[in-house]
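Asker: Heads up: the protein sequence lines correspond to chains A and B, in order. Per our numbering, the first sequence starts with residue 13, numbered consecutively. Per our numbering, the second sequence starts with residue 451, numbered consecutively.
One thing to keep in mind: the hints can contain errors.
Said to hold, decoys possible - No more than 30 Å apart at the CA atoms, straight line, and that leaves these computed lysine-lysine pairs for DSS-like: (1) B/K704 to B/K623; (2) A/K231 to A/K255; (3) A/K92 to B/K704; (4) A/K92 to A/K20; (5) A/K231 to A/K249; (6) B/K623 to A/K20.
Keep in mind the hints are simulated off the structure, nothing from the lab.
Here is how the chains run, residue by residue.
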Amino acid sequence: MEMFRSVKFNVGLICVLAFACGVGSFIPQAAESPERVEVFLRAQPFWGGVLEGAGLFNVFRNWWFFSLLALLGFDIALCKCLRLPGLEPQESAEEVAQSIGGRPLRASFMGGVRPAAAAEAIRSLLRASGYSVRQAPGADSDRVALCASRHRLQRWGSFISHSSMVVILAGGLVKLVFGFQGSLAIPEGGQAPVPRRPGWELAMDRFQVEHYQGSGSPKLFASDLRLLDRGRVLAQKLIRVNKPMVIGRLGFYQETWGATGAWRSATLSSPQGDVVLRPGRAQALPGGRGRVSVGELIPDIAIAEDGHAHQASSEPRNPALRVRWEAPGQKPRALWLLRDEPDAAFAEDARGVLSRVPPPFRLAAVDMVLFSGIQFVYDPGYPLIVAGALAWLAGMMLLFYLHGRRLWVLVSPGTGQACRVLMGGWNSQGPVAYRDEFEALTERMREVSS
Amino acid sequence: MMELVLFQAAAALYTAGTVLGFIYLWNRGERWSRWMYYLLAVGVAFHLASSGLRLAAFWAIPENRFFVPINSFFGALSAMTLAITGTFIVVEGRHRLGILGAFVLPWAWLAAAGTAFRGYSMGGTEIHGLAPALQSYWMNIHPLVIMVSYAIFGNAFGVGLALLIQERQLRSKRPQELCYRLPSIEELDNLNYRLIAVAFPILTVGIIMGGIWAHEAWGRFWGWDAKETWSLITALIYAVFLHMRLVAGWRGRKAVYTSMCGFACVLFTFIGVNFISQLHGYLSAR
């Protein structure tokens, strides 16, 4: 047990934790970026295998990392939570006399009055200076020992801040054991069952996305949600990032969005006129240029090295439609039209290889069916974490921003009517920060006891 | 562009203030210290004027209204410059060491030079619309609190550097003039501790605020992204410093080396992490 309570062990444990965190930040983590882990494993099969075997692709969800956190919590509980600062024994006059010698700040002087009178004067002075003063038990009629302190709450800072860390870790443990989370991708107008809540369904009536002009980056994405319990509406809210819908401790958060690959309509434009296409229907082009029908939509098209079309992401960054064009007197052709590059079109051959051709018509607009990525989280440990965080804040304030000061004064008989005063001082912010005040107090004590 | 010109003027004044800080180190005439103060104060005024203009341009985008413009690298570096200079003025004004300018102001200068270079290379002061995740009142609190803590750690680093130099001087058989200009080891050691003791709670509170924001945005308090992880590492290293100083009684060089490790983590968290992760970075604004 002594080992667990030693500073060296605990500091070593903190260093190991910091090192493990550092390792986890440099090596791609499967939970955050599985695609980077895949790339690493393909590029470095040997080292990838070694890292995988050691669990380093999953540092923050690994048993040994949780063990380190658990050990930290156990150590803190052992070192701090079981040692209440208020339970320290009161010092006797003998102990005051002994402890003065070991204090970083010390002073002694001779007073001109009897010890009892000097002690009374010093006690009044210290009280007037904001100290709480008590007389140490065990003094005799000639010798008086005083213990004075200011901002005694400071002593609780260490206890509160360390204990709050245990509370925060406990909050994390509660989430780990009792909580759950996951993602739902719901298309506009669709609904999905909520896992672990039988009978509950989440319906997404409308999805809204707006972009900044110029950069094209999103400025708003929001989902109009309804939470249903066997058809009965439990909650309804337009959620967006930072504005979740929370019922009980189950929260629904706007996480991501994208295109489902489905579409409602597309507008083709040519000098002869525009034509609006609908899914599953072939449409005649104006000017007798034949018929077109749409086969496939890729929301974010990219052309691979082998010349095939593929989807770079689910976000509608560069939507492309594959149309089948039957021009009069010609074989049907498959063409890819890009909404954001109206001057480009790609013809697809029988092997699926794309080649750039002049666009016979342009894709002016496409109305895509979007999906909203909703994260659901049940976190019963969060209140504990917040309580721990607030306690941590209070503990830190007490520990570092309150200037705790303690004084020990021993007044004993001198020669004749005189007395001898010995005093020692301690403060929480180091002797340099207290020296001036200590010396000023010493001078005033000398004056009142002369 | 006016805000960039004003910032460049502020950066020039910070540079001059830093030079005067070094001159004061070698030629202890009080006028150098006084002029360093004056130049820094005027520099801060120019910087605030530049920030005011930038704020007006930032708020011209409706989604950005009433948020502070630190969602870009320019904005973050600019705020960091202001934070380091501001905390230096407070620390120096409180402790009157005079000598501290030569050890702390180079960091403010580096941040200012980085900001000016970023503005020059980007052709402006990087005004972007806020990403949806950043449109939260926490945007005005969490990053600023963290930056204040970084700035105070920067001051502590400067004090630690002065302590190491002073210790080296005292150990040498023939100490140079500098030895008599620098404060005592005890005074520097205490100031280093006091600054870290002030900054550490601010850092941890900033981290907790970030956790609460992350919970509001994504339903998780902690996600182990690189920025979060390195801010935790920074806090852990400074926790080691505080424990070793308060419990094991470390003083002087050993304590300063530990605090310097902490500051290296601060720098990595602020700058380096942007290059290993897209999330939570000023370069990606996500």
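Asker: If you test the structure against every hint from before, which numbers come out violated?
Answerer: 6
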